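Peer 1: What follows is the residue order along each chain.
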Amino acid sequence: MFFQRKDRRDEFDREALPWLDEIYRTAAGLLGNRDHAADLAQDVYLNAWKSYDRFEPGTNIRAWLHKILVHRAAHFRRKLYREQPFGNKEEETQDIPEEITVPDHFSDRQVNDALGRLQAPYREVILLSDVREFAYKEIAEMLEIPIGTVMSRLSRARKQLRQELDTVARERGLG
Amino acid sequence: MNQRDLLRRAVDSEPVPADLSALVRTSLEGHRSRNWLGLLAGLAACCVLLVAGLNVYTVSVLRVGLNDHVHCGLGRNFPVQAESNEMAAALGPEFGPMVQPMMQKTSGLRLISAHKCFVGKRQYIHFVFEGSDGLTSVSITEQAGLEWLPVQQEREIDGQAVIGFEDDHYMVFVSSAQPKPDLAKNVEEVLGFRL
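Sequences listed follow chains A and B, in order.
Position 117 (the first sequence) corresponds to 116 in numbering that gives the first Met the number 0; numbering is contiguous.
Position 10 (the second sequence) corresponds to 9 in numbering that gives the first Met the number 0; numbering is contiguous.
There may be inaccurate statements among the hints.
As the list claims (entries may be wrong) - The following residues of chain A were derived to be distant from chain B, with all beta-carbon distances above 12 Å:
(1) 70
(2) 106
(3) 111
(4) 114
Claimed, not checked - Per the computed footprint, the stretches of chain A lying under chain B, defined by three or more beta-carbons under 8 Å from a beta-carbon of chain B, are:
(5) 26 to 35
(6) 141 to 154
(7) 159 to 169
Rather than coming from a laboratory, the hints here were simulated on the basis of the structure.
Keep in mind it's a predicted model, so treat the numbers as computed, not measured.
Ideal Cβ positions, reconstructed from N, Cα and C, are used throughout, including at glycine.
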């Protein structure tokens with residue numbers, strides 16, 4: 000039994016740890032705070048290890064880690080920022096969210112700040128879709144919401160981000 | 000530029016703390032160690048409970064002998080017999096032949112009664128000895144249910160020293176104010192019980 004456990008530990012380290020940087024950066028995008036992101040990344044890996052017995056070998060560990068990440072991030076936000084659950088009624092849509100073209104003179108910092116001003120559910124979907132390139136179906140499973148809701152949130156998230164970037168551009172006299 | 004590419008570039012530009020990997024590994028190792036410590040603590044707790052449970056069980060079995068000593072012996076509810084043939088007759092053909100060797104093997108004690116008696120619904124072959132510390136009972140009774148004394152046990156229960164051991168079908172108890180392991184050994188030899 001000890002050796003089996005050791006094998007699982009080695010397998011977990013081998014499979015899961017290579018995604019640590021990505022998990023941290025997504026966590027930073029979700030929380031907008033580096034210290035909290037580091038704590039969240041540790042929390043994600045600890046929870047992943049605790050539930051690793053339920054992970055099916057051969058399935059997508061990256062998606063599984065991100066699912067844990069979004070759930071633990073929601074827990075962190077409630078704990079740290081006393082954030083209320085996203086209870087607004089959302090209009091589902093089957094429209095494919097539009098892609099948006101923006102000027103490329105924004106700094107990374109400005110873009111990250113603009114992202115941080117989006118509501119958490121919009122940040123989640125735009126990070127999972129546009130940054131991590133998960134399929135709508137995968138995101139729907141991670142967030143436990145219908146695909147239509149994923150699409151509508153993504154559409155709104157992209158538009159809101161564009162608006163935030165426009166605001167930055169006006170304030171800084173860019174563009 | 001596509002907003003998606005801009006966003007991806009910005010998010011992935013975030014520097015990862017140099018010590019994050021070490022922190023995660025440390026917290027995983029800490030948790031794994033705690034798991035083992037927890038397992039060991041659980042095993043230790045199980046052992047303690049097992050020992051405590053065995054002790055409670057042993058005392059409950061030894062009380063079977065003590066009951067006879069208290070209710071028949073100390074309660075003086077037994078026939079005082081002067082002659083060994085009286086005692087042998089009271090025990091019947093199966094246990095009667097034990098009277099003589101019991102008398103010879105129990106120096107310092109005087110056999111004053113050997114009889115069959117009941118405490119509750121349980122029958123005992125009961126030898127009562129008199130000595131400097133009062134009465135000593137040797138009580139033999141058939142095992143019942145899950146009663147089990149795999150090795151000789153000795154406990155002080157309610158102010159009396161009780162020694163118990165078993166054969167395939169019988170349990171033997173020596174109950175007295177002071178523990179009498181020598182008497183228990185002698186009784187064991189007399190009975191020819193194996194341990």
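Peer 1: Each hint should be assessed against the structure and marked as holding or not.
Peer 2: We went through each hint and held it up to the structure:
1. Every beta carbon of chain B lies more than 12 Å from that of residue 70 of chain A, the smallest distance being close to 18 Å; the non-interface claim holds.
2. The beta carbon of residue 106 of chain A is not kept farther than 12 Å from every beta carbon of chain B, the shortest such distance being approximately 8 Å.
3. Not every CB of chain B is more than 12 Å from the CB of residue 111 of chain A (nearest about 5 Å), against its label as outside the interface.
4. Consistency note on residue 114 of chain A: stated as away from chain B, yet its beta-carbon is not over 12 Å from all of that chain's, at 7 Å minimum.
5. With 3 residues carrying a beta carbon less than 8 Å from a beta carbon of chain B, the region 26 to 35 of chain A meets the three-residue requirement, and the given coverage holds.
6. Beta-carbon proximity to chain B at under 8 Å applies to 0 residues in the region 141 to 154 of chain A; the threshold of 3 is not reached and the given coverage is violated.
7. Judged by the Cβ-Cβ criterion of 8 Å, the region 159 to 169 of chain A is covered by chain B as claimed, because 3 of its residues qualify and three suffice.
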